Each structure stands twice: as structure tokens, then as C-alpha cells.
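Work out the full structure, taking the sequences as your base and the hints as a guide.
Heads up: take any position in the sequence shown, counting from 1, add 15, and you land on this note's numbering.
In case anyone wonders, no lab produced these hints; they're calculated from the structure. Bear in mind the structure is a predicted one, so any value in this text is a computation, not a measurement.
DSS-like mimics (lysine-lysine), calculated; alpha carbons at most 27 Å apart, straight line:
id	residue 1	residue 2
1	Lys303	Lys152
2	Lys218	Lys207
3	Lys218	Lys194
4	Lys176	Lys161
5	Lys239	Lys194
6	Lys161	Lys207
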Amino acid sequence: AYCTNQQVVSFVWASTRSIVPSDLLGDSCNWRALRSNISKFVGLRRYESFSLSQCTHGLETSRYSFLSKVRLSDCFCCKVANGVGNCKFAKKGIKISNDVKITLQNHIFQNWIYWFFSSIVVPIISSCFYVTERQSKRHHVFYYPKTVWRKIVDNAINCLKEQNYRLLDHASFTYIISKRNFGFSRVRFLPKQKCVRILANTKVPSKIPLHRNNNRKRRFVFLKSINSSLKELHAILRRIKHEHPQALGSSVFGYDDAYRKLYQFLPKVKEGSPMMLKVYIVVGDVSKAFD
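Here it is as C-alpha cells:
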């Protein structure tokens, strides 16, 4: 259902070729380098960044004809000359006018490439694809066409309505919100092999739109997140865990607690304790636990 990175790159490149004048993309050598940089950008994994130097990698300013037509104004020369006067070029006696021209061309070139990626490449991807990870490969990025993703979401919502979810009307929603001082979780869908998994984000505050009066701009009211409303209860449970650990039975709160339990249990098994006749490992999964 998702597109490969190469398909996304081909689509983005074809779109940019139809939007941007060919002179602004340089010659054929720069085309290959620019498309390669777009491919690297599309192939980024989660949490990876893409710097301006990576955007301009392999591109040569001399192959952009419009840069050679740049004219230096007296005002610009004065501004740059004041800054260049203390640099290494001025100390070496290099002619300031040539140095200023090169500086100006590089500055325009870098700004153009930055604008090209931020205002053309990224909007094309965000407007045509839903970009997300998958459950099996959490650090890889996958590109779903918006029309395909809309069908996936609609099918998932219909399945939820058939099970134990229903759409609230405005009156019911207002009544529930008025009875508590926190908002609701924000839900997104994580693709799996054959279906999707619902993920609820309880860390972010909720934004609720208010009704507009007299054609005024719509306003929003913010409610604190579910996690922040549970801080006091969480602090109480932490104190009970510290002062009365026996009250929690076999409960564990992370890998460290699980290790402490196993660390005390495994030596008895290895020593062949008569109390440990047979050992069984049970793996279980609660069906629809988050529902």
C-alpha cells in the first residue's frame, strides 16, 4: 500500500521539474546531484536530520547560469566590505570586489537550495503523502499516498465503531469535559502487516474549538494532558512501592524490576532446589488491552 523511496523521489523530481524553471536547477550534472540529494532526504530514518551542506552536496555554483548574472550594488559592497575588511582575505590583500561577488553568489545559492527543499520538496511530500513508521520497522519511514491512507483510516474507524467505540455528539462531549479538569488523548494509527494499531498520546494537552460568534475568528481552549492530571496519583503509587513493596505482589515497573525478580529466582532453579520440581515459561498477550 505504501510507495517505495524511489517512487517518491521520482514523483518529487517530476513535480519540481514542472514547477521550477530549468535555469534554476542548473545543468544536467547538477540535476543528477540534486536528485541524489532528494533521494537521501527521502531515505532518512526517524529522528535523523538533513543539513544544508547535505542539500548542496555535489552541486557547483558555476553550473547555475543565473548566478553569473548577479550585479553588485554600491550599497551591498559597502555593507560587505565593512565585514570583509577584518577577514583573512583582506589581510592577504585580495581584491575585495571579487571576494564580495563570490560571497554574494554563495549566499544566494545556499538560500536558493534551502528554499528549494523547505518550500518545494517538503510541501510536495506533505501534501501528497502520509509519512509514518510501521510497527515492524519503527525507525524506518514509509510513504503512503494520501488517498490510500484515507481508505486505511476509514476502514479502521469503521471497525472501531463496530466494536466498542462511538462518535460523540457535541452535547455529550461538552457534558463529559465539564465534569473533569483534563482533556483527552490524541489518537493516531500505526500500520501493521495487515491492519493498523491505535496509539494514544496522553502527554499533549487538548485543544477544543469554541463556537464562533458574530463571524469572529474561532478561538480554542486548552485543557491539561491526561498524564499531568495523574501526576499526584503516580507520586502516591511510587511512595507505596517504596514503603510497602509487599502490597504490590509480583508487579514490576520496568526491566530493572523484572531483573531483580529473576536474579533471585534463577539461582534456585540452577541449584536444583527441591521446591522447584518443574519450571514453565508462559508468554501471554491480552487481546485488545488498550481498548
